[in-house]
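Sequence lines, in order, name chains P and H. Last residue of the first sequence: 122 (my numbering), numbering continuous. Last residue of the second sequence: 1109 (my numbering), numbering continuous.
In case anyone wonders, no lab produced these hints; they're calculated from the structure. Beta carbons: idealized from backbone N, C-alpha and C, even for Gly. It cannot be assumed that every hint is accurate.
[To be verified] Where chain P lies over chain H, by a calculated footprint (3+ residues, C-beta under 8 Å):
#1 1054-1060
#2 1063-1075
[Said to hold, decoys possible] Below, computed lysine-lysine pairings styled on BS3-like, alpha-carbon distance capped at 27 Å:
#3 K45/P with K1105/H
#4 K66/P with K45/P
#5 K1042/H with K1109/H
#6 K77/P with K1048/H
#7 K1045/H with K45/P
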Amino acid sequence: EVQLVESGGGLVQPGGSLRLSCAASGFTVSSNYMSWVRQAPGKGLEWVSVTYSDGRTYYGDSVKGRFTVSRHNSKNTMYLEMNSLRPEDTAVYYCARTLPRGSSYGMDVWGQGTSVTVSS
Amino acid sequence: DIQMTQSPSSLSASVGDRVTITCRASQTINTYLNWYQQKPGKAPKLLIYGASTLQSDVPSRFSGSGSGTDFTLTINSLQPEDFATYYCQESYSIPTFGQGTKLEIK
């Protein structure tokens, strides 16, 4: 079964750090495009990052320079390292498999989400 | 950056109705437009990619159309499970989501 499972969310103080994990089953993370998307409480969806199969990663302006994506191929897992966290980073974070350009980069497989709260 | 404007922001309809949600891009995005459905407490679900291609396992009552800057999502014969929030997303440049359309039961 094709599946994504996020973990690592929690409560962190402003300025702190957190690492989220996105473990895949049924497909290979490193062979696919992968995205992170977040959703603040009661708000809409916000794109965070996309990582292509060749390792190139692009970030949204609101997280650029503070968030870093990495992959652990043998664990078939993607990570989102979040530093210098701000209250406005409070959200549910989803990872999603992203289809290639020919399929309009649609995000076809999503995890269940992990909640991050940045508060003192 | 490309801005995506969805309308309406909310919509009331009855089971069996036909509804249309529109999404307008601030500049042309060809057909790099995707539609998602999200239910409370759940992850989004891809419905349509490339403006008009139905994702596998999505019922055929859902359809998408448009190109350039104007796009529509149509749901024919609304079913109880269709009441949810719908988002468009452009993937021509930096992926950007519309603000969402909440579809409620009348």
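Status of each hint after checking the structure:
1. For the segment 1054-1060 of chain H, the proposed coverage by chain P is satisfied: 3 residues have a C-beta within less than 8 Å of a C-beta in that chain, meeting the threshold of three.
2. Proximity of the segment 1063-1075 of chain H to chain P, defined as three or more residues with a beta carbon under 8 Å from a beta carbon of that chain, is not established by the 0 residues found.
3. Taking the CA atoms of K45/P and K1105/H, the gap is near 12 Å; set against the 27 Å cutoff, the hint holds.
4. Note on K66/P and K45/P: the hinted pairing holds, with a Cα-Cα distance of about 21 Å set against a maximum of 27 Å.
5. Between K1042/H and K1109/H, the direct Cα distance comes to roughly 17 Å. Compliance with the 27 Å bound is thereby established for this hinted pair.
6. Of the supplied pair hints, the one linking K77/P and K1048/H holds, its CA atoms being roughly 25 Å apart against a limit of 27 Å.
7. Distance restraint check for K1045/H and K45/P: the Cα-Cα separation of roughly 14 Å lies within the 27 Å cut-off, and the hinted pair is therefore satisfied.
Comparing the model with each earlier hint shows a violation of hint 2 alone; every other hint is respected.
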